[in-house]
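Asks: Sequence:
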Amino acid sequence: MVRVRFAPSPTGPLHIGGVRTALYNYLFAKHNGGEMILRIEDTDQTRYVEGAEEYIMNSLEWCGMKFDEGIREGGKFGPYRQSDRKDIYAKYAQQLIDNGSVYMAFDTPEELNELRAAAEKEGKTFIYNFSTRGSLRNSLSLSKEEVDELIKNGTPYVLRFKVPENRILETHDEIRGDITFNTKEMDDKVLMKTDGLPTYHLANIVDDHLMEITHVIRGEEWLPSLPLHILLYEAFGWEHPKFAHLPLILKPSGKGKLSKRDGDQLGFPVFPMQFNNNGEMCKGYKEDGYFPEAFINMLALLGWNPGTDQEIFSMDELIKEFTIERVGKSGSRFDPDKTKWFNHQYILKKSAKDVAELFRKDLDARGIDYSKYDIVRICELMKERISFIHEMWDETRFFFETPTQFDEKFKKKACKEDTAEVMTTLVSILEKCESFDPHTTEEAVKTWIEGNEWGFGKVMSPFRLAIVGEGKGPSVFDMIEVIGKEETLKRIKNLIAVL
RNA sequence: GACGGAUUCGUCUAACGGUUAGGACGGCAGCCUCUCACGCUGCAAAUAAGAGUUCGAUUCUCUUAUCCGUUGCCA
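Just so we're aligned: the first sequence equals residues 22 to 520 in the working numbering.
Heads up, a few of these hints could be off.
What the hints assert, rightly or not - The list that follows gives simulated cross-link-like pairs (lysine-lysine, BS3-like), each with its CA atoms no further than 25 Å apart:
| hint | residue 1 | residue 2 |
| --- | --- | --- |
| 1 | LYS359 | LYS304 |
| 2 | LYS370 | LYS359 |
| 3 | LYS350 | LYS281 |
| 4 | LYS506 | LYS393 |
| 5 | LYS467 | LYS453 |
| 6 | LYS493 | LYS511 |
| 7 | LYS278 | LYS350 |
| 8 | LYS112 | LYS97 |
| 9 | LYS493 | LYS506 |
Calculated directly from the structure, the hints in this document are not laboratory data.
As the structure is a computational prediction, the values presented were derived from the model and not from experiment.
Starting from the given sequences, assemble the full structure and let the hints guide the process.
Replies: This is the structure in structure tokens:
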């Protein structure tokens, strides 16, 4: 049974990259008939952000991902919040103490900072490992008596992992293939902090083992920690899961990981939903009018591809097609334009009826009275022109509102000296139309135009100007059917009045 | 700096060692048309550089370059 987990930290809203990591985990699990677990990694209480945990769960739910186990779902491997698992970590830390895999270190953060600063001055990096641990304050360098004394005095200490001195570690990544590390480059990482809570490394390994995780799919930023994690599994005598490190999502232009700043500068959200982070408002895709399906579709294709030309995928199709083998190795630049295109595709896919339902909500929110109008028909006419529901109003407001002014540029182009006369005749022709369906009106008007051997523009352009107020919109005959005879005649007369 | 990863059109990407290096976004042009969009058609646009292996390299190896990540008692 494949079991994967998504394990975010509740340090703020969930970033796009995190959503994609969750998505790939989810797709991988479901493709293989496996289970997906949500675990909250909140071992750093200094970075805890109120509401972030809820936000993460709500966002993933909005995206359409369902967890088999987690804080809301429960499950037999809980608790699923690391801060609720302190006792478990203490127990396993003791196991490492007992088998000599870790040692106590009494160095203060200040002391270490000084050492790091000093090393940096010389262009070097301070590493806490076999080469330095002998000269630092820890249970390896100090005598048993000194250590006992320090502990008796309540001197705070951390537990560090004793990394072997010089071992070539050959590991494997499901995306990148074989990777080798030399343990001499590694740090004796802190596993247990002075506050008694484990660091990510310990908690992560213990939980993944206890929760029977078979595949760890996470961001590439974890790749340097892979040898440590392998060593930890060894120290416990456990078999490690398979690892897959996902490429990063990069800024649309420039260098580095995509950040909130990029979104703010270029005007696109970096988070699935809105989040108020201590007064700092983080924009969300949801609030910007994206469909979760489109958002997920876009994210899925950012770093993964099916090997075919298909680009539009439902969640079920993604589950069917997704494999780790087709995940790319290199980082992907985020493209806000393509994201919009995806949303447009989903508008196109929706029926006019479904779009109408969403549009009605938008109209309600704007306080527009649309009771006299056939909204489904309007959506049928207009939906292909928009990428977002909220764009619909700007594209369609002329249906609901009689134009009060006319676009000068188009008016100049459309109206000649005889236009008033022509429009007056148009009014009389339309008045005679029993039915106002497009076929009837078009037939009547075109017959008249052709009879005079005029170009269509002579009549249609000012006609359009009268109805819309400017030179845009769908077929005039379609529009006048929607607004009705009375309103149509009124609008033409309004134009005549200003000619 | 050290270690690790990566490198195909501007961007996302495809291509059993053999293709005119394909698709999509964006751009440009044309078509459609009563207008504006949509749509359709077309155009421009790439294998980082250099060696090697091979009959043949985008694909395998090495070197260089560039970019990214890590280098915290953060995750």
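Asks: Decide if the proposed pair is consistent with the structure: LYS467 and LYS453, CA atoms, cutoff 25 Å inclusive.
Replies: Between LYS467 and LYS453 the Cα gap is close to 14 Å, so the pair holds against 25 Å.
Asks: Sort out whether LYS511 lies within 25 Å of LYS493, counting only the CA atoms.
Replies: Roughly 19 Å separates the two Cα atoms, so the pair holds.
Asks: Does the structure keep LYS112 and LYS97 at a Cα separation of 25 Å or less?
Replies: Given that 25 Å is the threshold and the Cα spacing comes to 19 Å, the pair holds.
Asks: So if I understand the rule, the pair passes when the alpha-carbon distance is 25 Å or less; does LYS506 with LYS393 pass?
Replies: Distance ~13 Å between LYS506 and LYS393 Cα, so the pair holds.
Asks: Within a Cα-Cα threshold of 25 Å, do LYS278 and LYS350 meet the stated pairing?
Replies: holds (15 Å)
Asks: Given the proposed pairing of LYS370 with LYS359, does the C-alpha separation stay at or below 25 Å?
Replies: holds (17 Å)
Asks: Would the hint linking LYS359 and LYS304 be met if the CA-CA limit is 25 Å?
Replies: Given pair LYS359, LYS304 holds - Cα atoms ~18 Å apart, limit 25 Å.
Asks: Does the alpha-carbon distance linking LYS493 and LYS506 stay inside the 25 Å limit?
Replies: holds (20 Å)
Asks: Would you mind confirming whether the straight-line C-alpha gap from LYS350 to LYS281 stays at or under 25 Å?
Replies: At roughly 24 Å apart (the allowed maximum being 25 Å), LYS281 and LYS350 satisfy the hint.
Of the numbered hints given earlier, the model fails none.
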